[in-house]
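J.: Protein chains in written order, with our numbering: chain V, 205 to 510; chain Z, 205 to 510.
In case anyone wonders, no lab produced these hints; they're calculated from the structure.
Note that this is a predicted model, so its numbers are computed, not measured.
Incorrect hints may have been included.
Since the list can't tell identical chains apart, any single copy or any two copies may satisfy a pair.
[Claimed, not checked] Straight-line C-alpha distance at most 25 Å; calculated DMTMM-like pairs for lysine to aspartate or glutamate:
1. 294 / 209
2. 501 / 377
3. 294 / 263
4. 268 / 492
5. 501 / 340
6. 294 / 282
7. 501 / 245
8. 477 / 415
9. 268 / 377
10. 294 / 308
11. 477 / 245
12. 501 / 441
13. 294 / 255
14. 485 / 282
15. 477 / 453
16. 485 / 415
17. 485 / 340
What follows is each chain in one-letter form.
Number of protein chains: 2
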Amino acid sequence: MNQTESRVLVTGARGFIGRHCLPRLRARGFDVHAVSAGPVDELGAGWHQCDLLDPVASERLVRKIRPTHLLHLAWIAEPGVFWQSPLNRKWLAASVALIESFYEAGGRRVVAAGSCAEYAASASPHVEDTTPTVPDTLYGHAKAATYFALRAAAHGRGGWAWMRLFFPYGPGEPAARFIPAAINALIRGQKLDCTSGTQVRDFIHVRDVAEACAVLLDTDLNGIFNVGSGNACTLREVGALIAAEVGAEGLLRFNAREAPAHDRPYVVADMSKMLNQLGWKPQLALSEGIRITVAAKRRELGLLSA
Amino acid sequence: MNQTESRVLVTGARGFIGRHCLPRLRARGFDVHAVSAGPVDELGAGWHQCDLLDPVASERLVRKIRPTHLLHLAWIAEPGVFWQSPLNRKWLAASVALIESFYEAGGRRVVAAGSCAEYAASASPHVEDTTPTVPDTLYGHAKAATYFALRAAAHGRGGWAWMRLFFPYGPGEPAARFIPAAINALIRGQKLDCTSGTQVRDFIHVRDVAEACAVLLDTDLNGIFNVGSGNACTLREVGALIAAEVGAEGLLRFNAREAPAHDRPYVVADMSKMLNQLGWKPQLALSEGIRITVAAKRRELGLLSA
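Generate the whole structure from the sequences, applying the supplied hints.
T.: Take a look at the structure:
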């Protein structure tokens, strides 16, 4: 595909996933325009400061940039808090307004971040067009509402893909989440109180997530697409991988605290659709991804030369 | 329940369903405040003029009335057109804003009109918490988005019921729809070109719909509730009932025109939830409802004394 006329607006560009997307989009020939709520002066060309929660400001930005593509990643993401935060409602309304402005200004394709939290709880891998959409958190409801609003916005106007993200991890992940918290504690030789650790999750390295974003922008296929690894792993198993990589055993104290009420026992992606329709699968095995993430943390702490 | 402090704001109050709700809500002791986009001077106390598509105006209205309950029926409903109209997007955004304003102002309970068009196509009766939410029209997507936004808005704030309306009919139904069009043609002795007529539908008399609205406002149960009859009926069968009631055979020409692409072969409600959880079921059999509707049309045309 010739991207010479493709101009992508990336929201949440400074976030954990967004920052990994920008070089990949440039590499595919997109003219990348990145949005941040904070000051962007030092970030260079292609950066725009905009409070997307203000629909007037976001419409003005869209009219100025006239993007052909929209990669919409911005949302409240504060660990723990985001599940039931009232800010989910503001991000829902802001996303509906942004997507409307985008298509109204002639935009051609939207790729937006949904969540595995939209699915009904299930003890088997979650399948895009089969597992029902039955969230049980404020976050899940707001994301599901945004999905259906995207469908309503796209009718007769343009393309769309809705990513259902599973559990991205890697360098830059917010420190309060399990993998970075465990790495940080173990590198420092500190104990960490954990929940039961029997929860089964689908972890995917942020580089693979960013690659999936780029692939989904750069296709004409419409649909919901899981973005996970397809591999089931308990928190205890990932904890053991981290302990082995760091060389610090016995510091993760499982069953030391309660999991939140909405914590589900099993959340794993079926990744057939991305493979069958787009020939895409994640590249980094969990052990390799943990190795990279531990090394990055050590460099950050000055324990390893870059 | 003591309704002395219950003030209900009814949107779409002048519409086909809304007008049947008002006396039932008053009979239950609600202080009824009705909204119309058009002039309300001649309608008396309790009427308010407001363009709900203007979120500033709708917030101002909510702050003025401070309703405890919201019955939200307003939406684009122009026969044929509403399935794919861009106005669905405006009603989605307006509904999200109205519901947000309502809870923000201390409102306690929302009952809002969804649609059987939110369900996945299915050859068996549609069950609230089992049949997947997979619409295939702009209208269905916008309604589904509003449902999930209502869930997000209600979290930690108040009660809610989402009605999935099947096929309301009765006096006042928009003239272009099948039942009123057939009655009108047959009373006048005119032929009517119809689609195949093999479509199976679930018709419910508007009086029963209005009663369901009142019952759902006047409970503390939260959930999705089908509002249908639970009875499957082909368009040919309802056409035969009308022909028998009017005494005019052979005027409905089935297979004379194509059905729209999104027309589904089978759309019928499972009504167990309303019966089991609320002890509610519709009262008017289809034959009786058709008799009432034909009589009302004859009175309107001056062919029968009131």
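J.: How do residue 477 and residue 245 come out at 25 Å by Cα distance, when the copy is not named: within, between, both, or neither?
T.: Intra 40 Å, inter 58 Å, cutoff 25 Å: neither.
J.: Regarding residue 294 and residue 308, is the shortest C-alpha distance of 25 Å or less found within a copy, between copies, in both, or in neither?
T.: Both ways: residue 294 and residue 308 sit 21 Å apart in one copy and 13 Å across, limit 25 Å.
J.: At most 25 Å between alpha carbons: which applies to residue 268 and residue 377, within, between, both or neither?
T.: neither (32 Å within a copy, 46 Å between copies)
J.: Checking an output row: residue 485 and residue 415, CA cutoff 25 Å. Within, between, both or neither?
T.: within (10 Å within a copy, 53 Å between copies)
J.: Could you figure out if residue 501 and residue 441 sit no more than 25 Å apart (CA to CA) within one copy, between two copies, both or neither?
T.: For residue 501 and residue 441, the Cα distance is within 25 Å only inside one copy (20 Å; across copies 71 Å).
J.: At 25 Å max between alpha carbons, let me know whether residue 501 reaches residue 245 within a copy, between copies, both or neither.
T.: neither (27 Å within a copy, 69 Å between copies)
J.: With identical chains, the pair residue 501 and residue 340 could be close in the same copy or across copies; at 25 Å between alpha carbons, which is it: within, between, both, or neither?
T.: Neither: 34 Å inside a copy, 47 Å across copies.
J.: From the Cα coordinates, with 25 Å as the cut-off, is the pair residue 485 and residue 282 best called within, between, both, or neither?
T.: Neither: 28 Å inside a chain and 46 Å across chains, both beyond 25 Å.
J.: Under a CA distance limit of 25 Å, which applies to residue 294 and residue 209: within one copy, between copies, both, or neither?
T.: neither (32 Å within a copy, 30 Å between copies)
J.: Tell me, please, which holds for residue 477 and residue 453 at an alpha-carbon limit of 25 Å: within, between, both or neither?
T.: Cα proximity of residue 477 and residue 453: none, with 38 Å in one copy and 53 Å across.
J.: How do residue 294 and residue 263 come out at 25 Å by Cα distance, when the copy is not named: within, between, both, or neither?
T.: both (16 Å within a copy, 16 Å between copies)
J.: At 25 Å max between alpha carbons, let me know whether residue 485 reaches residue 340 within a copy, between copies, both or neither.
T.: neither (29 Å within a copy, 29 Å between copies)
Comparing the model with each numbered hint stated earlier shows that hints 1, 4, 5, 7, 9, 11, 14, 15 and 17 do not hold.
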